[in-house]
Amino acid sequence: MTIADAAPRLAKGQLKSEKLTEECLSQIEALNPKLNAFITVTADEALKAARDADKDIAGGRYRGPLHGIPVSLKDLVDLKGIRTTAGSLVRASHVATEDAVVTSRLRDAGAVFVGKTNLHEFAFGTTTEDSGFGKAHHPVDPSRSPGGSSGGSAIAIATGMSLGTVGTDTGGSIRIPAAVCGIVGLKPGWGEISASGVVPLSRQLDHVGPLGACVTDAWIQYNAMLPAGRQTTGVPAAASLKGLRLGVPAGYLFDQLDADVERVVMSTIDTLRRSGAIVTEVAIPHATDMAAIYLHLVLGDAAEYHARTLMSRPQDYTPNVRLRLEMARYVLAEDYVRALRGKAVIAHEVDRAMDGVDALVLPSLAIPAPPIGAVTMPVKGGPEAVRTLMLRCTQPFNLSGHPAISIPCGHAHGGLPIGFQLAGHHGQTPALVQAALAVERAIAHAG
Amino acid sequence: MTVGEWLEWAKADALKRELPDLVAPLAGLAQATERLRAADWNDDADHATPVVLGHGESPQWRGAK
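The listed protein sequences derive, respectively, from chains A and B.
Take 1 as the starting number for the first sequence in the numbering used here and just add one per residue.
Take 1001 as the starting number for the second sequence in the numbering used here and just add one per residue.
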């Protein structure tokens, strides 16, 4: 069930939040032992909140489409009175004293919090394999990664453990697991959604945003996460594909794709073209420098945040994340400053690429879900490191701060989902969502 | 220092700290740093063209279009 399906039924009293919440909690109980999507389940609190929601709705105090909807939070996001572990034993006993701003806004919208989802430790990875609370598993093929770092959140949506969820995205950590698990993940523009009360990886690259079963569900949650004065009612209308201008950033972002990913993404672009979209090739000239720029920034920022605990309690980190944090401490200041300059260059070039188009379109992820433990994956041109491949298509829009969304567009071998990414103009996330609604519809019709 | 010099220093420091598993990742980081330093948008003190990056301005660097 989607939020879009459940909300009108809840509003009319045809569906009770308590029943919906019980169904989600049953899914968690049945599937979590195998998939490890949740670190903390807040069953009692959720059921109480659900009963309160039912009482309020019946009493005519309906708050909107999230009222009574079961929602989970990536365990980087504070929920008052509940631990925020960041997927790490470093924070195993840390209990939030206040809601994060995003949590507070969702609470005001009437959301029912069912628990805190598993993640790659401190968001410092793309596979959710390295977590102090055990690795998470892909819902279709549990021998594979669900992506990350918001892997638990993606599993929760894909399996109905929650209808909404909050993730974070520093290099792709909303869009990557969304693509891998066959759901929608929206990274708003940088700074649109408050990161206050969210454990950081790199404050200049971190974005907070929703994952959902469809674009409408992502919109409903995104809207509720905005400051009250910027929220709107309803869902924006889908754009018309006729005349929609789409830019394809050819070159680096399409160079090293799995064969199935390339086939399905190109087929999707062709579907859009045949539906009337105007598709042109655009360029991000320094795209080949992005990985190096991103790496130096995220390492430098993480080194600062973890400096004290890396010295005082290194054993409490998972070995792989600890190793990366130790490496981070060797980044020279002059190279960090170079990377800052490179970030500005990429931001400028993405802006230029968007001149004259409504959105950029490209794969969300170069590969389908990798096997857990895989170090390399086969792509055009030969095997490449999983870590590099996972971030390749998403990190441009963390560097530039443009909003970007991943929507499912088909499947690879073994039924593994493939994601299609759209990126929009600065400050125009609603327009991006309108384009995404149109693309989602076209993909479904082509289906 | 050159990247090569940095890598030798970093590897030696990692081994002194009894972190031999860090040597391979440091080599990978060194490759990324080489790439970063080779980019044509880097500033150089003796380069004639001023390179300006300002809010709202178009950044200018060697090769910018």
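Because the hints were derived from the structure by calculation, they are not lab data.
Please note: incorrect hints may appear among the correct ones.
Stated by the list, open to error - Chain A side only, calculated, beta carbon under 7 Å to chain B, not exhaustive:
1) 18
2) 287
3) 289
4) 295
5) 323
6) 327
7) 330
8) 335
9) 338
10) 345
Stated by the list, open to error - Pairwise CB distance ranges (calculated):
11) A:266 x B:1046: 44 to 52 Å
12) A:447 x B:1008: 51 to 59 Å
13) B:1017 x A:34: 37 to 45 Å
14) B:1012 x A:26: 51 to 59 Å
15) A:304 x B:1008: 38 to 46 Å
16) B:1043 x A:307: 23 to 31 Å
Note that the structure is predicted; figures quoted are calculated from it, not measured.
For glycine and all other residues, C-beta sits at the position ideal for the given N, C-alpha and C.
Hints versus structure:
no., hint, result
1, 18, "violated (50 Å)"
2, 287, "violated (12 Å)"
3, 289, "holds (5 Å)"
4, 295, "holds (5 Å)"
5, 323, "holds (6 Å)"
6, 327, "holds (5 Å)"
7, 330, "holds (5 Å)"
8, 335, "holds (5 Å)"
9, 338, "holds (5 Å)"
10, 345, "holds (5 Å)"
11, A:266 x B:1046: 44 to 52 Å, "holds (46 Å)"
12, A:447 x B:1008: 51 to 59 Å, "holds (56 Å)"
13, B:1017 x A:34: 37 to 45 Å, "holds (39 Å)"
14, B:1012 x A:26: 51 to 59 Å, "holds (56 Å)"
15, A:304 x B:1008: 38 to 46 Å, "violated (25 Å)"
16, B:1043 x A:307: 23 to 31 Å, "holds (28 Å)"
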